[in-house]
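Asker: Letter by letter, the chains look like this.
Number of protein chains: 2
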Amino acid sequence: MPKYVYAFAEGNKDLKDLLGGKGANLAEMAGMGLPVPPGFIVSTEACRVYLNTGAVPAELSSQVDVHLAALEKEMGKPLGAPEDPLLVAVRSGSKFSMPGMMETVLDVGLNDSSVIGLAKTSNDERFAWDSYRRLIQMFGKTVLGIDGEHFDKVLEAAKAARGSKSDLDLSTADLQQIVASYKGVVREQVGREFPQDPREQLDLAINAVFHSWNSPRARLYRRREHIPDDLGTAVNVMAMVFGNMGSDSGSGVAFTRNPATGERGVYGDYLQNAQGEDVVAGIRNTMPLAQLETLDAAAYRRLLEIMETLEQRYSDMCDIEFTIERGRLWMLQTRVGKRTAAAAFVVACQLVDEGLIDMDEALRRVAGDQLVQLMFPRFDAGAAAKVLCTGMNASPGAATGAAVFDSVTAVERAAKGEKVILVRRETNPEDLKGMIAAQGILTSHGGRTSHAAVVARGMGTTCVCGAEALHVDVPNKTATAPDGTVVNEGDMISIDGDTGEVFLGEVPVVPSSVVEYFEGTADPEAADAGDLLRAVHRIMSHADVKRRLLVRANADTGEDAARARRFGAQGIGLCRTEHMFLGDRRATVERLVVATTDEERQSALAELLPLQRGDFIEIFTEMAGQAVTIRLLDPPLHEFLPNLTDLTVKVALSREHGKPVEKDEMLLAAVRRLHEENPMLGLRGVRLGIAIKGLFGMQVRAIAQAAAEVRKRGLDVHPQIMIPLVGSVRELRLVAEETSGVLAEEAAREGVELGATIGTMIELPRAALTAGHIAEDAQFFSFGTNDLTQTTWGFSRDDVEGAFFSQYMEHGIFEASPFQTIDRHGVGQLVKIAAKAGREVRPDLELGVCGEHGGDPASVHFFHEAGLDYVSCSPFRVPVARLEAGRAAVEVASGSGTA
Amino acid sequence: MPKYVYAFAEGNKDLKDLLGGKGANLAEMAGMGLPVPPGFIVSTEACRVYLNTGAVPAELSSQVDVHLAALEKEMGKPLGAPEDPLLVAVRSGSKFSMPGMMETVLDVGLNDSSVIGLAKTSNDERFAWDSYRRLIQMFGKTVLGIDGEHFDKVLEAAKAARGSKSDLDLSTADLQQIVASYKGVVREQVGREFPQDPREQLDLAINAVFHSWNSPRARLYRRREHIPDDLGTAVNVMAMVFGNMGSDSGSGVAFTRNPATGERGVYGDYLQNAQGEDVVAGIRNTMPLAQLETLDAAAYRRLLEIMETLEQRYSDMCDIEFTIERGRLWMLQTRVGKRTAAAAFVVACQLVDEGLIDMDEALRRVAGDQLVQLMFPRFDAGAAAKVLCTGMNASPGAATGAAVFDSVTAVERAAKGEKVILVRRETNPEDLKGMIAAQGILTSHGGRTSHAAVVARGMGTTCVCGAEALHVDVPNKTATAPDGTVVNEGDMISIDGDTGEVFLGEVPVVPSSVVEYFEGTADPEAADAGDLLRAVHRIMSHADVKRRLLVRANADTGEDAARARRFGAQGIGLCRTEHMFLGDRRATVERLVVATTDEERQSALAELLPLQRGDFIEIFTEMAGQAVTIRLLDPPLHEFLPNLTDLTVKVALSREHGKPVEKDEMLLAAVRRLHEENPMLGLRGVRLGIAIKGLFGMQVRAIAQAAAEVRKRGLDVHPQIMIPLVGSVRELRLVAEETSGVLAEEAAREGVELGATIGTMIELPRAALTAGHIAEDAQFFSFGTNDLTQTTWGFSRDDVEGAFFSQYMEHGIFEASPFQTIDRHGVGQLVKIAAKAGREVRPDLELGVCGEHGGDPASVHFFHEAGLDYVSCSPFRVPVARLEAGRAAVEVASGSGTA
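Chain order of the listed sequences is A and B.
First residue of the first sequence: 1064, per the working numbering; consecutive thereafter.
First residue of the second sequence: 1064, per the working numbering; consecutive thereafter.
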């Protein structure tokens, strides 16, 4: 017979699939002999049967019988017994936390008789009737599906009759009257009596919890969080304990260490004469947990012992919920505690020092996203600032600026050098220019997948969204805080993208000490370095020891290269030469682009050659001893010319005014000639090299001459020449032959070995699919996962800021933006296909990645698994990549990888 | 010891890899006992050794010794013997024909002594010295690498001295003087004497042929034709025979049937007292082959016998080259003869009737491209028209119109309803508008891969390119023919895309009888139907019996559907609903697109619903009993709005003139909102369906209501609802759930079963890579190979007309345009991956293709191999697809497929 019901004693913390998270942890505590109210768990398997067949399994009832009997025996009282009733809490609990999404029914077991027994045994008549009132209300809504409004009306009427606004003013008689009315509501709404049979109550409550798995809000939540729909929930049935039985009772929540800083020592809140809900609801002021010692020293000591025991068992910081019923301590929940980024690093190192975990495990316990948070500047914690409201922490950082309420104003003010925060109810693609211009974005509507949030994260702009308490009035350009404070256009505000807080005025910002450490200006071994820097240093060093992936940087200038090196980069994985075509070189580049004869073209190229050579000399010098991968010109040429629409309007208006247009018309002709409907899919990359004679040759010559020059100065250089956007080995071969020729020519002329290699980007699906052929002519592959994502999915990066992307996040079509975290199933599959095929043909083929994904934590793990040699990312992301590369190595080694 | 030299007797026609095409066929004829001048073949293997090592294999010399000795023995005279010399021809011959790309040396064996012997035995002193003169010249250029100019100068000087322009006027003495001078040239240019040793001549000639395999022009030719570089060439050494030994000698070329019509009976040209080169060169007028009977009845009869024998052996029409030396017939070459499209069909059926091949083989002997040629209208063969010149047949068809010399004029005249032919030296992307406006395109420069040719084929426009004899003067708007005829702007000209001919004036066009047959207006079984229609009918019928692939059509209207059905379509594979959003519905669609509220949107959709329903009723009625696959709206919405640049200019100018701009500004705001940098990669396909509430729902409702209506009329309908541009099963699932809901609703309301299925396009790499997941929610896949090609390669179809595409063709990067013929290695691999993964999940998954490739011959074979159920193409292409589907089936069955 399948087993559907488990005693706490039968479970443990590793059975979350079967017993849910809450149940597994309760079982663990029970097994440890900790004071957990007795109970049992109906498994997720039973739920799955219910979901598939519409009914609980036939065997469930008899199994509940057995476990209920054991519970009654242990508690010494039967469920809902008239004299001295056992009451139970019926709670959901799935493998993954889905806070508030599913149902709970408390006080199951109360009925017209047992309420009287409870009044007697609790010696608190009002408490008993209030509990009964609550049961009918909760059961009515949850189990019987009655609209809560009906119960609310009764309650309001009773309070009105008494002339009070608070439940607390209701007398026992009032509550008895309410119970009678509530029973009437049930009768009217569902045509049956409120069930008096305690066992019937229990069975219906279990069904209701199962049923709530598929409530619309739970389904929506799961879709967004990508929790599978077929897991189901367990049901925890546990004897009720009461923290609201007088001053020797109470409830609390606690962390075993400070979750903000990681500091050792208990940390929590306690509320006397209250149930757990009251602590969380924040209706009354709680006291610091330490004060419990003065109220009930024995319970306090016992609690500290238990917290210590739990840390030992979980080898981690835990959080707990507990209740003291008339001096007796009961543990209601525990789990590994959530913590801030700083605490994560500090606690991990503490645990190593305490012998609970090793350094590998410490590395596993922190994450690149946490490191990123620590690298943003933060508001000065010491500065006093008025919190206007709190929204969702949608994109990290600290931003301060003048409030503006529309995109146009944002752009105008920003153009004048002013810092602005764009404040909107919500954003849409038309707000994009303002979003780009702003230091930060604040919205009163929309969640973490809203347009504002998605775009801000994509741009790395600080964002607080869904600050519902703020009333944003765009036409009148005001935002009103709950306390009535009005923010007008131009008023300074500050937003904290880590906490979601919105402040009035300009809050001072302090730079990140972690960045100072990476920059080498803060010494982690100094006496005053602080726990955080010490911990970061220790864990980063361990990551560097463990990782197999090299980390390079994307850098286009000597300055970038130097910074990257300080941050730990082991070479440059992507040096974009198009950046060398801008600034004061624009005029020459324009001549190159609009050239119609070979002569004009050659003359422009000849002017660019020494300039490019200078750029490369600078970069090679900064990166001496390390590889520098240089991508030949990639972007469509129209990017170097004025915008078609703007120029067309200019010419039309000039003509209208009889102004000379000849020069602009010539330029316009070139712009038109180069105009493409879809430039991303047009004349760029290797196609430029083939179509424009001499362009790539000039670049290769500049690289060769720069390398020779730097070698002559006694420095080691490793130029890697990278051909972009190759789709066929035939394209690569044409360009590689020309490149080899130029390299040989220059090496002979300069009389030095250049040691240059020639390779290609793999950034088109076809390149990945034919990588075996391409490897015949490429000494290295660098995966351009930005473009590869664009073509594999068939949408452009512009769309991240466009119409459908945030809707896709909302609908759960993307688990994460595929431009941020690599899409393993699609793009990732191409990476693996190409890596395998390439290495089969050329076993020493060097493999790297130079898309934005190179600095994304989840993606770094993927690239480790895929067997790449290095990742390359922006200099700022280098530490994140180093950390995650280390984590990937220890995770794969311990078999906990995500492949 | 490796064998490098083969006697003719050792070879046969199937050894082309080893002996080259020419050698294998000579061996075949020798083996049949036909009169082939004795000789031997140095194999391609020897050439490969030469190419890899730079020297002929050591064993070659002794093997040549053996075969040369046998040849001398058979001929009864030693090579270059003073008294009666054996002379040999040394000719290249690779597996694939590379006409004119490699070298030939004739008359090897002549020297200062043997020339005298030859004079005696031939009894023609002038002939002997002229032969010697030719040998030194040919040998000097080919073997010794001397610039031909040096020899030309000598010859010109001799002619000038004689006051003549023709070689024929040179006397024996002149020729002797020239031989002396030529030997001087050799001495001066290469510092050695012209080799007198006949054997040395032979060895050097063999080496020279090997060497010519890698001449720049041969390499270029191979790259363009995609012939592998490592095949090498064989060398045929054959005793010289002379057709120029008097009136009882001569040379001819012939086909065993009429290669233009397929008519039975010999067909060829004969030239008395001439070598083969003279026949081909066309210097003197040839006589019809039949006249040979009057000159030499015995030789003629023998030739007819041989032609009959060859047809029996090759089971096909052959072409031959022969020489009669003093009454003795020698066969110099044979091969399967090239023929016109019409002849291919007619001959194939004749051969079946003659018992030489079966119908499967007849089907293999014709090709879809030939059928296409037969379906174009042609110039009336009976009309007298003056041929101005002949260029390359770059894109088929017959076009007539006024000559114009620039794009602007082409557009202007076309806008007035005039037919124009765009005449250019060559075209570039700026000519595109004119190319689109023109009936035909004529260029004087550039080959079949030139911009003009590639674009014209892409657009289906008739094109003749590279008509080098025509002098095109664009500034003066004239084109001058070799005979001095001047074509001015506006003069009527006609171009034949099949023959490359350019005519003066308007040549009458006759419709294709083959199209009349497909349309059902010409009866192939009528007495006067003609051989061609009978043959086409017979072969098409056999293809229909043999093919496994169904052929559907892409059709968007009832009219298209009806035509497709007449052409044999078995359903509609792609009905594009965007075409239903144009015309007088544009205003409503514009309202839909610019709508900013749900209400506005719903009102526009409600207006469109009955219109769409009407469209579907028409199509379902025409296609009763067959599947109709309807694609929900795919293109980006901005396509339904005015152009951004145009509208911006309009608004700017209106404002300048103080005109009201409010309405245009509102429209402009919408255009800006919908503007995308890369619309091909933007908000389109399923993304529209998700982003625009109600759009797909309206379309599905229209389909459901139309299907119900047509079912009620007693007709059978099979609607297939196709969701475009899906990249993830999650997108499909969202839309499919909505679609199923609407279908169920309408089915219930109408009280009929709709029998509709829901499927998706596979047109993104990610869809192909995750096809297993997508198949969970799709009842069919239709490969959208146009978009799949765009994203797999990362270039757009616009580029076909753009800057680099023709260069890519030129460089041989594409074997064929990937938008025309499916790219097997890239796009094809994705098709196979998706087909396999999809069928694993859903074995009855229907698989089809609806890109342009569905009507391309090579692609149809690929889709057959890939296991698809159907191809869908434009109605006009349906017969081609039927034919090729049949061919693919018999080829795969016989193991001669190209997989």
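Hints should not be assumed to be uniformly reliable.
One copy or two, either will do: identical chains are not told apart, so a pair holds if it fits within one copy or between any two.
[Unchecked claim] Keeping only pairs whose Cα atoms sit at most 27 Å apart, straight-line, the calculated DSSO-like set for lysine-lysine is:
1. Lys1183 with Lys1158
2. Lys1713 with Lys1496
3. Lys1496 with Lys1899
4. Lys1158 with Lys1449
5. Lys1183 with Lys1726
6. Lys1726 with Lys1496
7. Lys1895 with Lys1756
It should be emphasised that the hints constitute simulated quantities derived from the structure, not laboratory data.
Asker: Which numbered conditions among the earlier hints are violated in the structure presented, ordered from lowest to highest?
Answerer: The structure breaks hints 1, 3, 4, 5 and 7; every other hint is satisfied.
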